[in-house]
Amino acid sequence: MSRIVWKALCWAILAIPGLGMIWQFSHNDMLAMDILHPSGEISIRLMILAMLAGPLSEFFGLNRFFRAWLAMRRNLGVAAFGYAILHLAFYFLDMPDVAAVLDELGIAGIWTGWLALALMIPPASISFDKAMQRLGRKWKMIQRLVYAALIISLVHWLLLDWDWWPAFIHLAPLMIAWGLRWSSARRKASLLRSI
Amino acid sequence: MHNKVYRLALAAIAGATLLTAAPAYADGNVQCKSGPVKNWKPIAKMKKKVWMEGWELLKLQVEGDCYEVYARNESGQSIEAFFHPVTLEKLLVYRRGSEIYRSPTFPK
Numbered sequence: 001m002s003r004i005v006w007k008a009l010c011w012a013i014l015a016i017p018g019l020g021m022i023w024q025f026s027h028n029d030m031l032a033m034d035i036l037h038p039s040g041e042i043s044i045r046l047m048i049l050a051m052l053a054g055p056l057s058e059f060f061g062l063n064r065f066f067r068a069w070l071a072m073r074r075n076l077g078v079a080a081f082g083y084a085i086l087h088l089a090f091y092f093l094d095m096p097d098v099a100a101v102l103d104e105l106g107i108a109g110i111w112t113g114w115l116a117l118a119l120m121i122p123p124a125s126i127s128f129d130k131a132m133q134r135l136g137r138k139w140k141m142i143q144r145l146v147y148a149a150l151i152i153s154l155v156h157w158l159l160l161d162w163d164w165w166p167a168f169i170h171l172a173p174l175m176i177a178w179g180l181r182w183s184s185a186r187r188k189a190s191l192l193r194s195i
Numbered sequence: 196m197h198n199k200v201y202r203l204a205l206a207a208i209a210g211a212t213l214l215t216a217a218p219a220y221a222d223g224n225v226q227c228k229s230g231p232v233k234n235w236k237p238i239a240k241m242k243k244k245v246w247m248e249g250w251e252l253l254k255l256q257v258e259g260d261c262y263e264v265y266a267r268n269e270s271g272q273s274i275e276a277f278f279h280p281v282t283l284e285k286l287l288v289y290r291r292g293s294e295i296y297r298s299p300t301f302p303k
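Residue numbers (this note's numbering), protein chains in the order written: chain E, 1 to 195; chain C, 196 to 303.
Any given hint could be a false lead.
[As the list claims (entries may be wrong)] Covered stretches of chain E, going by a simulated chain C footprint (3 or more residues, C-beta under 8 Å):
| no. | stretch |
| --- | --- |
| 1 | 85-98 |
| 2 | 102-109 |
| 3 | 161-173 |
Quick caveat, the hints were computed from the structure, so don't treat them as lab data. Glycine is no exception: its CB is placed at the ideal position from the N, C-alpha and C atoms.
Using the sequences and the hints, build the whole thing.
This is the structure:
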């Protein structure tokens with residue numbers, strides 16, 4: 001299968017949950033407020049999925065599976081941003097007017113969401129080949145804003161739900177992957193020292 | 196230099212979050228200790244209670260052993276409230292995760 005077909009298939013799969021949400025909302029099966037949680041959660045999950053590929057491939061070594069995952073990483077990141085925008089759209093649909101949105105801005109559970117979204121804008125807006133070539137090393141630096149966006153997204157979730165477990169369970173795989181990468185880097189460094 | 200700016204920014208965000216989040220408490224595990232369901236007041240009475248509060252009801256559901264209400268108050272603010280299913284007493288009200296009301300009879 002060609003690269004374009006793979007990419008189209010990947011995007012079709014990524015779009016299914018979002019289309020389902022829009023369908024249910026437009027058919028009055030779900031309220032906008034009911035879609036806030038799942039749209040935000042999918043955004044975070046996709047962000048984590050995009051961030052897991054790097055450390056896991058470093059630990060386990062590059063094979064076909066990790067090569068495919070790494071190739072999809074940017075798509076996953078952009079999809080995470082897409083779901084964050086969908087989350088925002090449903091937030092606006094849930095609110096009576098713009099004044100009510102502005103009135104809530106000072107609440108910690110709300111402004112952390114806005115901040116996380118703002119931090120996702122620069123990495124998402126340069127997630128294409130030409131920007132990567134043009135920005136060089138700066139590209140990776142800008143992409144690192146995703147780490148801050150993820151942590152603040154989880155804080156946003158925590159401040160709204162006040163339940164530690166879901167946020168922690170989502171962060172756990174990433175913490176394990178970072179731990180594995182760190183241990184593998186340490187092992188390599190000690191091997192180099194012993195030579 | 197960049198790392199320093201990064202760390203400073205993250206510390207500032209963490210500090211600001213803690214400051215503005217100070218009045219909030221956990222709403223994940225609210226327990227009304229309401230006893231058997233057969234003693235609960237019907238949903239219709241709960242709806243009337245919400246109407247008497249002057250709120251616009253968005254959603255009403257049973258959460259654990261409480262009635263949980265999503266509504267808009269007189270000022271148009273989105274709120275989440277917990278009511279005792281037997282007495283229909285308003286126990287807790289949250290606005291986007293921040294506690295804005297707690298009944299004096301409902302201990303922390």
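Structure-based check of each hint:
Residues of the stretch 85-98 of chain E with a Cβ under 8 Å from some Cβ of chain C number 4, which satisfies the need for three, so the listed coverage holds. Residues of the stretch 102-109 of chain E with a Cβ under 8 Å from some Cβ of chain C number 6, which satisfies the need for three, so the listed coverage holds. Only residues whose C-beta sits within less than 8 Å of a C-beta in chain C count toward coverage, and the stretch 161-173 of chain E has 3 of them, enough to reach three; the restraint holds.
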